[in-house]
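Colleague: Keeping their order, the protein sequence lines are chains A and B. Take 1 as the starting number for the first sequence in this note's numbering and just add one per residue. Take 1028 as the starting number for the second sequence in this note's numbering and just add one per residue.
Calculated from the structure, these hints are not laboratory results. Keep in mind that a hint or two might mislead.
Below 25 angstroms or equal to it, Euclidean Cα-Cα: the simulated DSS-like pairs (lysine-lysine) are [as the list claims (entries may be wrong)]:
(1) A/Lys251 <-> B/Lys1031
(2) A/Lys258 <-> A/Lys280
(3) A/Lys263 <-> A/Lys281
(4) A/Lys1024 <-> A/Lys962
(5) B/Lys1029 <-> B/Lys1087
(6) A/Lys5 <-> B/Lys1031
(7) A/Lys5 <-> B/Lys1156
(8) A/Lys5 <-> B/Lys1059
(9) A/Lys671 <-> B/Lys1087
(10) A/Lys251 <-> A/Lys263
(11) A/Lys671 <-> A/Lys1024
(12) B/Lys1059 <-> A/Lys1024
(13) B/Lys1059 <-> A/Lys4
(14) A/Lys101 <-> B/Lys1087
(15) A/Lys4 <-> A/Lys101
(16) B/Lys1031 <-> A/Lys1024
(17) A/Lys668 <-> A/Lys258
Example chain B residues on the side facing chain A (calculated, C-beta under 7 angstroms, incomplete) [claimed, not checked]:
(18) Thr1033
(19) Gly1103
(20) Thr1111
On a predicted model such as this, the values are computed, not experimentally measured, just so you know. All C-beta atoms in this analysis are idealised placements derived from N, C-alpha and C, irrespective of residue type, glycine included.
The primary structure of each chain is shown beneath.
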Amino acid sequence: MAGKKLWRGLTTITGCLLIISLVATGVAESRASFLNTRLGTSNYVMTGGDPEADSTYFDAEFASLEEVMAAKQALAEEIGSEGAVLLKNNGALPLDKASEKVTLWGFNSNSPILGGMMGSTPVAVEGQPSFGIKEALAEKGFTVNEDMAAFYADPSMDQFRMQSNLFGNVMYGHALSVAFDATYEPAATYFVGEAPASLYSDDLLASADGSAAIVVISRDSSEAADYEPGMTCSSPEDSFERPLALSTNEKAVIEMAKAHSTKVIVVINANNALEIEELKKDADVDAILWAGEPGLYGFLGLANVLDGTVAPSGHLPDTYSVSSLSAPAMVNYGLFMYENNSQVSTDMTDHLHYGDWYIAETEGIYQGYKYYETRYEDAILGQGSADSAAGSSTGNAWNYADEVSYPFGYGLSYTTFAQKLDSIDLTVGEVGTATVTVTNTGNVAGKGVAQVYVQAPYTAGGLEKASVQLVNFGKTGVLQPGESETLTIEIDPQYFASYDDTLVKADGTTGAWVLDAGDYYFALGNGAHEAINNILAVKRGSADGLVTITDDEQISADSVSVWNLAETDSETYSVNVQNALQDMELENQIGEAVEYTTRSDWNLGWTPVTGITANEMMLKDLRNETWQFTENGEGLVYGADNGLSLIDFMEVDENGEYAGALDINDEKWDKLLEQLTLDETINFVENGGDDFENLDTVSYKRTFAQDGPVGIAYDQVAGYGVKWNESQSSMPTYVGPDNPNAHSSMAVMPTEPIVAATFNQELVEREGQLFGEDGLWANVQAQFAPGLNLHRTPYCARNHEYYSEDAMLTNLMGTALCKGGLSKGMMMEPKHFAFNHQELNRVGLSTFVTEQAGRENELRAFQGCLSGNYAGGLMTAFNRAGIIYAGAHEGLQVQILRNEWGYDGWLVTDMIGGPTYQTWIGTVFGGGGSCLGSANAYSNTPMGTMESHRAEIEKDTEFQAKMRQAIKYYLHQEVESSAMNGVTIGSSMKYVRTWWQNAFLAFEICSGILTLLCAALYIRSLRKKNA
Amino acid sequence: MKMKRTIGFYITVLAAIAAVAGLVCYNTAQNKLSIVTALTAAAIVVVAAAIILSMTMGFKNWMNLTAMAGALLMAGALVESFTTQLDALGYLVAGLYTLDQVIGFLRFAALAAVALLLFIIASFMDFGKMGQ
C-alpha cells in the first residue's frame, strides 16, 4: 500500500516536472535571442568561406580597447572645452590656478548633472574614471576649498540634496519624476537641491574668504519627464517662480559667494535654458559659463577653460530668454485633452488606445530664435504690430531687450575676433559657398566660429518667413593673436527655401519649396541677434535704433553680403515633392480655423488651443482602426532556392577592396528576398529592433542595435564583451571575458547640447568615428543616435538628447555624427522621427503642426543625414503625427522620407509600450519597418500577433510587399555595415544548438523517463495489490 | 457504499479551493491566457467531479488519481501563465511597472503554486476508502 502511494506521488512529481520542462522549453525558445545575449551564446556559427581572405572590411583604428577608451576620454574632454559657452566675463576668467584658490558653491557642485537620469545616461563602472566638477578641478591642479566640499558631501545633508528614486535606486544629482504611463496630471513639484543659507556656519563661510567662487547651478534631465511651468519647489525651505528660474536658496548661495570671495563665476550645469537675466545684470557676478551636462569627462574640458589652457569657443545652441514662458510655443505646451477623452467618454474606448491628448503647435515656424529675432526685426521696422503688448513678458510694449538674455549662437572668448564675409558664391540647384576670413584681434590664442545666417525676402501677408536663419558655420583652428584663417563654408539653397503648401506645380501636385525673387541677405554674427542687426544696418543704412543686449556686440556691414535672385524658383527643390502632412494641420481635422503666430500680426497666436472634441473621422484614427487587410494580388514567392546569401551583395572595387553594397534597386535583391520564408518575414517585422538573428535563408549574420546619443548604453549592453561569443574569438576586435575592460561602460560622452555648442562639425564627425570604433570592439552594429528632435521649448526634460532649437545646427551636427559612424561601418539610427517635443504622454500624443513649420523646422533637422544616406536606420517617434501614429504615417515615411529624400535605410519603431496603438499592421501599411518589441508584445492585444492573422496576410500581397521592402532596406544597410566583418565568399551561417537548449532537452528527456518509470512502477504496484 | 474520507481527500479539497481563489485572481490579471483559465478550471472540475461521484457511487480506486490529475493540470496552468508575464515581471523589476499592474498575476501564481503543492502532497495519499 505504501509502495503504491509512493509511486503515485513520485509519478505526480515527475509528471509535473515534465510538463513544466516542456512549456519552459517553448518559452525559452521564443526568447532565444534574449537568452543568447545574456549567456554569450549563439545559435549560429559562421562556417565555410575563405580563411585566407581579408574579411575585415571596417578596420579598427586602434590596437587595443584601452586605446579606444583613452581616445574617447580625450575627445570628451575636448568637447567639454569647445562646448563650454562663456556668456559673461568681467575679467574674472581665466583663473590663475597657481595663485587662486577656488571654492565650489552649491550642493550640485558635489554631484553635478553629467547627463540624463534616463536616456543618454553616462555610466562609469567600478574602476572607470568619472569626473564631476570637483574631481576635474583637482585633476587639473586647482586648489579647492575642502571645507566647503566636505560640507556638501556630508551625508547628514542628504535631505537637501537633489535625488530621485529610479527603479528602486536612489540617484543623486537628479530630481525629475519619470512617467511612462498615461498621465492625466502634470508633475507638480521639482526638487532644486539647494540648502538654505542658515546652514552655513560662520567658519564655513570664512573658509571661502580670499578664494574665487564657482557657483554651480544645476537642473537635471531625463527621458519620460518634463518640466512644467506650474511646478512648485519641493526642496526644504526653498521656492521658485518657475522650475527654470533661480530658486531662493540658489540666489542666497550666490549672495554668500559674493560676500566671501574675490570673484564669482556661475557655472550653468543644465541643458534646459534657464532664466539668468538677473545674473547677467548683476555687476557682482563676474562671469557666467554654460557647461551643459558634459558626461564623464567633459568637466575636465571645463577646467581647461577655467584656467585658460583653452580659450572658450562654444556658442549657445538655444536662446536664453528672460522668461522661459515668453515664446509662443509655451502657449500650447503640456497637458491638453480632447473633450471626449477616455476619462469622461467612451468614444476613445480606453486610455490604452493612447488617444486622449493633443498638442497644437500654433507657433508655426516661429520657434526659438526664429520668434525672437523675427519679431525684433518687425519691431524695428514698425510692422505687424510687433511692439504690441501681446506676448510681452513685462506686459508693456514688446521690447527685445526685455525678452532675451542671450541669443542663440552667442558666446565669448578670452580673445576677440574680427570676421569678414568675403564672398557668397551661389547658384540655385547647386551647393555654393560663403568665404569668411576670421582674424584673432586679441591677445590670447583661440578658435573662432563663423556663423552664416540668411534673410530671405519677405512680403507681408505672404509666406511666413523668419527674419534670419542659420545656414551653416565653420570653426577655425587655434589662431594666435593676429593670425587669420579663411573658411570656406558650404551654403545649400534648399535649406533656406520656404515651403508653400498652397502652390500648385506644373505637374498638378500641390506643395513646393520656394525661393522668392529678391535680395537675400547673408550675414555673419556672434549669434542670431548680431546677424539680424548686421542685416538691418545694411537694409536701413544705419545702425541707429538697433537694440544690442550684450556689450561686445559689433554691428558691421563687412559681415553682410547681398545675393539677388532674379526670378522666383518653385521647381528646383520640388522634384517629387508634394504635400504629405496636411492631416497634421488641426483645422483640416476639426474643420475650424485655428489661430497661428504670424508676422502679419504679432497679436495673434497667444491663445491656448483647448476644448477640442475629436470628431468621428478623427476617432477612427485615434482608436487605431485605420488599417484593414484586403485580398489583392497573388502573393509573393517565399522559400525560393536561388542559391544566394547576403555576402553575394557586397561590392568590391577594381583592387578587390570592399566597396559597399549592391545598389538597392538591383533586381538581384528581389531574388535574395524570395528566399525568405513567410515565418522569417513575420518574425523580422513583429519582433525586430535590437537583436536580429533569424534570417536563415539568406545567411544573415546576427547584429545588435542599441541606444544612444552619449555612447552605447550601459543598461542595454553592460560593457564591451557582452555581445561577443567564443566562436568569434578570431575577430581582431574580439573582447573576451578575460579582457579587463570587458565590462567597461561605453556611455561616457557629453550630452548633445554641449556637442552642438562646439559648432565644430569635424569634432562631431570624430565622435561618430569613435562610436563606430566602439561598435567594432563591442560587436554592436547599430546605434540609436543621434537624437534630432528640436528643442521646441526649454521645458522638455529630454532636451539633453537633442542638439538644439535650430534645424540647421541639428541637421549639420547630425549629418557629421552619422558620417563618422558610417566610416566605421556603424549603422547610425537617428531618432525620433518625428515631432517628439515633450515627454508628457509622448505615447499617443496627437501633434498638430502646419506643413510649412513641420518641413522647415523639425524635418529639416533630420533631412541632412537621411537624404545623404549617412544614417543606416531611423527610429520613429512615440507620438502621433497629427492623429496617426508617427511610425505608421505614410506621408512622413513614404512620401517625404523615400520619395523626396531618397532615403534607403531601414525604419524601426520605438519600444512597443502601447501595442494597441503602435500596431504592427499600421507600422507595415504606413511604410515603417520593424517593431521594437519583445516576443509577446502583441500576444494579448485585441489585434493579436501577426501569426494569428496569417491567413489574411497570405491574401494581402500589398501588405507582404511592404514587409519585404522593409527587410530589403535593412539587409542593404547590413551589407554596408561592420556586420559583414568576418564574412567571405562561401561563408554561411550554420544553425547550432546552444548548451542551454541542450540542457532543457536533457531535462525534458530525464523527466520524461522518470515519469514513465514511476508510472510503470505505480501500475506494477497496483497489480501486485490486486494480485 | 459511502466513501470514508481521508486526509488526502481534505488536502485535495484544499488544493481545489486554492485553485478557485487563484482563478478569481487570474481574472483580474493583465495579459490573460485562456489556456491557463481552462487548465485551472479543469483541475477544479476534476476535484468537484470526484467529490460528487464519490457521494453518489461511493469510493472507486480511480478516484485516487484525482490529486495527480489536479497536480498535472495546475502545473500546466502555472507554467503556461508565465509565458505572457515575463515582460511584465521584467518591467516590474526594472521599475517600469508598478505592483498594481502585475498583482493579479502574482496572486494567481502564488495560489496556483500552493494548489500544486497541495495536490502533490495529496497524491501521496488516498483520496478515500471504502466505507463500512
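Colleague: Does each hint fit the structure? Answer for all of them.
Modeller: A quick look at each hint next to the structure:
1. A/Lys251 <-> B/Lys1031: Violated, at about 84 angstroms.
2. A/Lys258 <-> A/Lys280: Satisfied, since the Cα-Cα distance of roughly 14 angstroms is no more than 25 angstroms.
3. A/Lys263 <-> A/Lys281: 15 angstroms, holds
4. A/Lys1024 <-> A/Lys962: Violated - the C-alpha atoms of A/Lys962 and A/Lys1024 are around 67 angstroms apart, more than 25 angstroms.
5. B/Lys1029 <-> B/Lys1087: 10 angstroms, holds
6. A/Lys5 <-> B/Lys1031: 17 angstroms, holds
7. A/Lys5 <-> B/Lys1156: Satisfied, since the Cα-Cα distance of roughly 13 angstroms is no more than 25 angstroms.
8. A/Lys5 <-> B/Lys1059: 36 angstroms, violated
9. A/Lys671 <-> B/Lys1087: 66 angstroms, violated
10. A/Lys251 <-> A/Lys263: 16 angstroms, holds
11. A/Lys671 <-> A/Lys1024: 67 angstroms, violated
12. B/Lys1059 <-> A/Lys1024: Answer violated: B/Lys1059 to A/Lys1024 is near 45 angstroms, above 25 angstroms.
13. B/Lys1059 <-> A/Lys4: 38 angstroms, violated
14. A/Lys101 <-> B/Lys1087: With a Cα-Cα distance of about 94 angstroms, the restraint between A/Lys101 and B/Lys1087 is violated, given a limit of 25 angstroms.
15. A/Lys4 <-> A/Lys101: Distance ~87 angstroms between A/Lys4 and A/Lys101 Cα, so the pair is violated.
16. B/Lys1031 <-> A/Lys1024: 23 angstroms, holds
17. A/Lys668 <-> A/Lys258: Status violated; Cα separation ~72 angstroms.
18. Thr1033: 11 angstroms, violated
19. Gly1103: Holds - the Cβ of B/Gly1103 comes within 7 angstroms of chain A, reaching about 5 angstroms at its closest.
20. Thr1111: OK, holds: B/Thr1111 within 7 angstroms of chain A, min 6 angstroms.
In the structure shown, a violation is registered for the earlier hints numbered 1, 4, 8, 9, 11, 12, 13, 14, 15, 17, 18, in ascending order.
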